[in-house]
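*Asks:* For reference, the chains in residue letters:
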Amino acid sequence: MSDLRQLTSIQLIVIFISAMIGVGIILMPRDLANAVNAPDLWISIIIGAFLMCLIATLYVLLVTRYPGLTFFDMSKKIAGRWIGTLINLFFIFYCLIVASYILRVTTAIIKNYLLDTTPLYVIIGSFLLVSLYLISNGPGDVVRFFQLYFPVMMFMFLILALLSIKDVDVQNIRPVLQSNLLTTVTQSKITFFSFIGIEFLMIFSPLIKKKKTRNLALSVWISIIVTAVIYVIFHVLTIGVLGIAELKEITFPTIEMAKSIEFQGFFFERFELIFIFGWLITVFTSFTTYTYGMILGIGKVTKPGWWCMAGAGLLIFIVALYPEGLTEVLDYSSHIQWIGAVAVIGFPALMLLISLMRRQTHDT
Amino acid sequence: MNVKEFLSQKKNDDCVTVKTIPFDSHNIYVLYMPSITDMTKIQDSILAPLLEWNNPEDKTVDHAFSAEPLTILFKTKDMDSHLLNGYTLMLENETVYAVETCGFHYRAVSEPVSEMTLRGARDGFIESLEENIKLLRVHLRSTHLKFEHLSLGLKAFTHVTIAYVEDEANEKLLEEVRKRIKAVKEDYLPDGGVVEQSLEKNTFSLFPELQETERPAKVANALAEGKVAIFVEGSPSVLLAPVTLNSLFQTSDDYNFKWIPASLIRLMRFAAAFLAVMLPSIYISLISFHHGLIPTDLAISISKTREGVPIPSFMEAFIMQMTIEILREAGIRLPKPIGPAVSIVGAIVIGEAAVTAGIVSPLMIIVVAFAAICSFTIVDYSLSLALRAVSFVMLFAAAMLGIYGLILAVFILSIHLIRLNSFTVPYLEPFAPYYPSRWKDTLIRLRFDKEGGSDE
Numbered sequence: 000m001s002d003l004r005q006l007t008s009i010q011l012i013v014i015f016i017s018a019m020i021g022v023g024i025i026l027m028p029r030d031l032a033n034a035v036n037a038p039d040l041w042i043s044i045i046i047g048a049f050l051m052c053l054i055a056t057l058y059v060l061l062v063t064r065y066p067g068l069t070f071f072d073m074s075k076k077i078a079g080r081w082i083g084t085l086i087n088l089f090f091i092f093y094c095l096i097v098a099s100y101i102l103r104v105t106t107a108i109i110k111n112y113l114l115d116t117t118p119l120y121v122i123i124g125s126f127l128l129v130s131l132y133l134i135s136n137g138p139g140d141v142v143r144f145f146q147l148y149f150p151v152m153m154f155m156f157l158i159l160a161l162l163s164i165k166d167v168d169v170q171n172i173r174p175v176l177q178s179n180l181l182t183t184v185t186q187s188k189i190t191f192f193s194f195i196g197i198e199f200l201m202i203f204s205p206l207i208k209k210k211k212t213r214n215l216a217l218s219v220w221i222s223i224i225v226t227a228v229i230y231v232i233f234h235v236l237t238i239g240v241l242g243i244a245e246l247k248e249i250t251f252p253t254i255e256m257a258k259s260i261e262f263q264g265f266f267f268e269r270f271e272l273i274f275i276f277g278w279l280i281t282v283f284t285s286f287t288t289y290t291y292g293m294i295l296g297i298g299k300v301t302k303p304g305w306w307c308m309a310g311a312g313l314l315i316f317i318v319a320l321y322p323e324g325l326t327e328v329l330d331y332s333s334h335i336q337w338i339g340a341v342a343v344i345g346f347p348a349l350m351l352l353i354s355l356m357r358r359q360t361h362d363t
Numbered sequence: 000m001n002v003k004e005f006l007s008q009k010k011n012d013d014c015v016t017v018k019t020i021p022f023d024s025h026n027i028y029v030l031y032m033p034s035i036t037d038m039t040k041i042q043d044s045i046l047a048p049l050l051e052w053n054n055p056e057d058k059t060v061d062h063a064f065s066a067e068p069l070t071i072l073f074k075t076k077d078m079d080s081h082l083l084n085g086y087t088l089m090l091e092n093e094t095v096y097a098v099e100t101c102g103f104h105y106r107a108v109s110e111p112v113s114e115m116t117l118r119g120a121r122d123g124f125i126e127s128l129e130e131n132i133k134l135l136r137v138h139l140r141s142t143h144l145k146f147e148h149l150s151l152g153l154k155a156f157t158h159v160t161i162a163y164v165e166d167e168a169n170e171k172l173l174e175e176v177r178k179r180i181k182a183v184k185e186d187y188l189p190d191g192g193v194v195e196q197s198l199e200k201n202t203f204s205l206f207p208e209l210q211e212t213e214r215p216a217k218v219a220n221a222l223a224e225g226k227v228a229i230f231v232e233g234s235p236s237v238l239l240a241p242v243t244l245n246s247l248f249q250t251s252d253d254y255n256f257k258w259i260p261a262s263l264i265r266l267m268r269f270a271a272a273f274l275a276v277m278l279p280s281i282y283i284s285l286i287s288f289h290h291g292l293i294p295t296d297l298a299i300s301i302s303k304t305r306e307g308v309p310i311p312s313f314m315e316a317f318i319m320q321m322t323i324e325i326l327r328e329a330g331i332r333l334p335k336p337i338g339p340a341v342s343i344v345g346a347i348v349i350g351e352a353a354v355t356a357g358i359v360s361p362l363m364i365i366v367v368a369f370a371a372i373c374s375f376t377i378v379d380y381s382l383s384l385a386l387r388a389v390s391f392v393m394l395f396a397a398a399m400l401g402i403y404g405l406i407l408a409v410f411i412l413s414i415h416l417i418r419l420n421s422f423t424v425p426y427l428e429p430f431a432p433y434y435p436s437r438w439k440d441t442l443i444r445l446r447f448d449k450e451g452g453s454d455e
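Residue numbers (numbering that gives the first Met the number 0), protein chains in the order written: chain L, 0 to 363; chain R, 0 to 455.
So that you can see chain L by itself, here it is in the shape it has in the complex:
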């Protein structure tokens, strides 16, 4: 096992950002464009981030009330053994669905842009195996991996953002705040799916034993704000380069935006490769987070062991292969949003409420 016992604030921020940014950065522009239909759709992201900060505060409160316990232990302690187990099973299901969804979308993109004739199960299987290899040595390795690749990922995004500024048409971004404000606010629910990942505060909580509430909340908020800033930058760039009308039609707008970058007299002209590399890191990290959550959960509900990993891997593999095509996968996303809302907002809120009513705390 790894030697990481106490995570610093920087490490926490790295974990959360790595867990949050995933398929959302590629799929969200189109969904938002269809829902809001205005060039200032990025305002929804800011509202979404603000709401997410409030939700994340729930987790901070829970984690500080029950230091050293994971979500799976907390639920049993708060709601009793049976209801707790039910909550845990639902959370495991949620992890399974999200992990499979991420994996399937990733494979679709890889198939579309890199390997068009390779069978789906090969791409899915290899990705899954590498992720399981990372998890197999415990959470310390996962954290170190995130740390190692975080600068690489940020560097890729920075390069891409700088390169695409040239192609931005200011007319595409305007007008700001001229659209229906109500739509902008209500449709911010779409952005919710791109901010999930922050709930893993409750999964990595044994590694954050002695943190003050204020510091913990601060690192959580910083992570959400940084993620939101990255999203906003990429949305503005995508709208600026492609325009709102085109955005609604393209499946993977961010990659197309990267593809359209051109530099005269510069030897290398396929910049989507840089983006795909940077993005594959973030997808790998968020996928690994969910798979880790699932494996931990199965271990908590039953007994920890190697077969938790094998079982989780097999389940994710099967579920990821289940949908026929990408359209079907994207259709599922609204259902996943509901499952996510229950697992990420419903349960923690309920648990905190019960805990407050029972005036229950936990000493280590």
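No lab work stands behind these hints, which were simulated from the structure alone.
Do not take every clue at face value.
[What the hints assert, rightly or not] With a cut-off of at most 30 Å between alpha-carbon atoms, the simulated DSS-like pairs for lysine-lysine come out as follows:
1. 258(L) x 303(R)
2. 303(R) x 110(L)
3. 145(R) x 9(R)
[To be verified] Cβ-Cβ distance ranges computed for the label pairs, FRET-style:
4. 314(R) x 92(L): 46 to 56 Å
5. 254(R) x 298(L): 29 to 39 Å
6. 446(R) x 168(L): 41 to 51 Å
7. 342(R) x 326(L): 57 to 67 Å
8. 436(R) x 359(L): 34 to 44 Å
Glycine residues also receive a C-beta, built at the ideal position from the N, C-alpha and C atoms.
Given chain L, work out where chain R should sit, using these hints.
*Replies:* Coordinates of chain R only, in the frame set by chain L:
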């Protein structure tokens, strides 16, 4: 076994000379191995004082020697090992004294051939432990420099010395080094490399867990940073622990030149190591999977050069990589005058004939040869070996899944490195986990802090 038995055993041993000297009322036996001792030293500093000593009140060997350090031995095992190290033993009644009269022949101190530097100290370690410690003392004159002498090997003695700077070296690290040295259960440890492997825990990893160097200045620097050095008797390579990937990329030239050019060169070295591992595999994944990602003009010229090449690009790359590895190995094994001949033959055979014969494309040769040149910039030879093996793995990954396979292979490699520890220190430190205080000497080297003097 007592002293008398030891004496009678040695009297029958042809390799040991036993001289009997009457000394007052008893005899003193002088034992040494003539092949490995300095005869004049024995004559001048042992036999002469013994024979001339005639102080009637003070009749012990101990007082006959004023300057020579005398060791008193108790165990038969120690007596044997001292004899084998060129000591002379003196047996007086039941007491055994040992005097250093070593006459081993060593080569002179010279510049190490495998570690070149442009600037800085040119001395290199030799095969003598004593001399090596002296060389280290030249570069690190500190009272905090401590040595611990240990002996390895069950059947043949290999003397090993741990060196560290007190207060700098972590006690946990020292304890780990001691534990591992004491746990070695080999009969015979002929050289530093064997000792290195018997101390390693990551047996199945390609990456070295100890850093090997022949430069005293490098050892001195490492000790000052809190590392531990392991000297092995009879080996010019000194082992440094712990090692991190970052430390394997550092050279002493990085510190001897001004920080901006030195940092640029270090960055270039990192880039070269990356290219050495990845370039051939990136190339084959681009031409066999992702034609669309190659700029159009380049794609046309590549397809022109590949016209008529009968083998698939992966095999082409594999064959070329193998050829270069074979040439490299041949160059090392051959005697010095023939070495250049091999490279000429290699250059002509690979460079000209293979292309003319239409077996490989010229662009492939450029790619593979450039990767080989890049790999020569890797400072540490163990690391270079590891990365050469990794480059073949990357080649297979690229042949199977293209760029995607490459990215996954890089992930696997980094997960492996994340798991590695060298003497309880994470291998990728300070990148994973983060140690921001040590970032100033990683990808680049920041300037040294200085104070005093007049401002410009």
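*Asks:* For each hint, tell me whether it holds in the structure or not.
*Replies:* Comparing the hints with the structure gives:
1. For a cut-off of 30 Å, the pair hint linking residue 258(L) to residue 303(R) stands: about 26 Å separates their Cα positions.
2. Simply put, residue 303(R) and residue 110(L) have alpha-carbon atoms about 28 Å apart, close enough for the 30 Å limit, and the pair holds.
3. Using a Cα cut-off of 30 Å, the hinted pair residue 145(R) and residue 9(R) is violated, with the two alpha carbons roughly 36 Å apart.
4. Hint check: residue 314(R) to residue 92(L), Cβ distance near 47 Å, so the stated range 46 to 56 Å holds.
5. A hinted range of 29 to 39 Å for the beta carbons of residue 254(R) and residue 298(L) is inconsistent with their spacing of about 49 Å.
6. At about 44 Å, the beta-carbon gap between residue 446(R) and residue 168(L) stays in the expected band of 41 to 51 Å.
7. Checked against the given bound of 57 to 67 Å, the beta carbons of residue 342(R) and residue 326(L), roughly 59 Å apart, stay inside it.
8. Distance hint check for residue 436(R) and residue 359(L): the Cβ-Cβ separation is about 41 Å, which falls inside the suggested range of 34 to 44 Å.
The structure fails hints 3, 5 (numbered hints given earlier, in ascending order).
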